[in-house]
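Colleague: Chains as they are written, first to last, in the numbering used here: chain A, 111 to 331; chain B, 33 to 255.
The set of hints was computed from the structure by calculation and includes no laboratory data.
Fair warning: there could be bad hints in the mix.
Unchecked claim - Some, not all, of what chain A presents toward chain B, calculated at C-beta under 7 Å:
(1) I126
(2) Q148
(3) L166
(4) P169
(5) S187
(6) P215
(7) W309
(8) V319
Even for Gly, the Cβ is constructed at its ideal location relative to N, Cα and C.
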Amino acid sequence: MDGIHDLGGKQGYGPIEVDEGESPFHEDWEGREWGIAQCARAPGITIDWWRHCRELIMPGDYLGRPYFDSWAQTDFSIYAEAGYFSEEEISTGKSPSKKTDYGKPAVAMTLKQVLQEDHDNAVRFDGEIETPPVFAVGQQVKTSRHGNSGHTRLPQYARDRTGTVHAYHGAHVFPDLSAQGVEIHQHCYSIMFEAAELWPEAKWSQDKVYLDLFETYLAEV
Amino acid sequence: MATDSKPAPGFDASKVAEIHQHLHSHLPSESALRVKALETLLVDKGLVNPKTIDAWIEAYTEEIGPKRGAMVVAKAWCDPEYKSRLLRDAPAAIDELGFLGKATAHLKVVENTDEVHNLVVCTLCSCYPFSILGIAPPWYKAAAYRSRAVRDPRGVLAEFGLDLDVDIEVHVWDSTAELRYLVLPQRPEGTEDMSEEELAGLVSRNSMIGTDRDLGENIEADG
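Given only the sequences and the hints, what does the whole structure look like? Please build it.
Modeller: Quick look at the structure:
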């Protein structure tokens, strides 16, 4: 989707607010939302569907509201779309349903248990597929000119550009379909682009930009 | 909502766009109240336990954070064999210290040298190697950094106080898939006598993202 979230190379966002503080949460509600996001997962959703729901936040809200606020809004939309929250419940903040409607209520976890869960949640996205990778390390490739209108991980700034295969990562879950609830694996590569290929003002630059891209985003040169 | 069927995602993007419009007009405007409303609904429905939220906050305030990454870096500086394992298979190498976890199953470590400086960004969302660096700093998640890191990396670094020599190449890593990146900064000179623990104290969070480079500045003058 050519949405507001696709920020790479966009101009006009001004200087960076360099933050010297090391505290993880600057407001209490940020920690609450982080915690909610760790323990609330509507059954059947995928990380890519979650990302897509975040991309679909209205542009003004996406850019104008704090980061963890957008996570809360994404969670709201995920639960509402799946049928857990009604519009009325969102408007009133009150739930007429009972805790037993969705099975056993969630139990309290201790610090030790969540640390174990964090360790166990090192989710792998790779898997075996039958077809061999089309591209080889060192080969030149060209990226697609267009993205798709749903979720995709080929940013606009790297479309219709020539790069070099830097590394092959194996077959990973393909995000474009995972965002639609379909899990298939596809070969994934690290592609190196010369900054000069991407940006008009970088004509003399030796700098590089690396992106991890899926095979169907790429074609032979 | 039908009570005889379990809720399930329909993966309906148009519906979600409508929901966002509804949320825009019906949720309170203050972030704290919006998050409170979400927590209230989830807890009322038994989908989330508030004590588990407390535990996750504690985990990412007290236990999981950039100190983990700093320990990995210091170990790699002191132990060449560990460093080669880290560069070859980072998830296994960080798990030797028990640090494998959220968003690090496909971790890659990229090494700074005299010729190359690495910088990590996620232009499409804000992907970050949580189990080894903790919660990302606000600037990492902001539009200014996400838009500029790939296009004007040297300007970005200058704003962090790092004027990079023109001869040093910048390699920017945009986390567009499930791989996550950790920068291995260079060990500062004059640290030969320091212990691994002391060395870890020199490693800033920003140096592992790539917005800091010269860690010799962190050595105390009287040290």
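Colleague: All the hints need checking, so say for each whether the structure fits it.
Modeller: Here's how the hints hold up against the structure:
1. I126: Interface hint status for I126 (chain A): holds (5 Å vs cutoff 7 Å).
2. Q148: Since chain B brings a Cβ to about 4 Å from Q148 (chain A), closer than 7 Å, the hint holds.
3. L166: At 5 Å from the nearest chain B Cβ, L166 (chain A) passes the 7 Å test, so the hint holds.
4. P169: Violated - the Cβ of P169 (chain A) stays beyond 7 Å from chain B, reaching only about 10 Å at its closest.
5. S187: Cβ of S187 (chain A) sits 5 Å from chain B, so the hint holds.
6. P215: Check passed: Cβ of P215 (chain A) comes within 3 Å of chain B, closer than 7 Å.
7. W309: holds, 5 Å
8. V319: Holds, because the Cβ-Cβ distance from V319 (chain A) to chain B comes to roughly 5 Å (cut-off 7 Å).
The structure fails hint 4 only (numbered hints given earlier).
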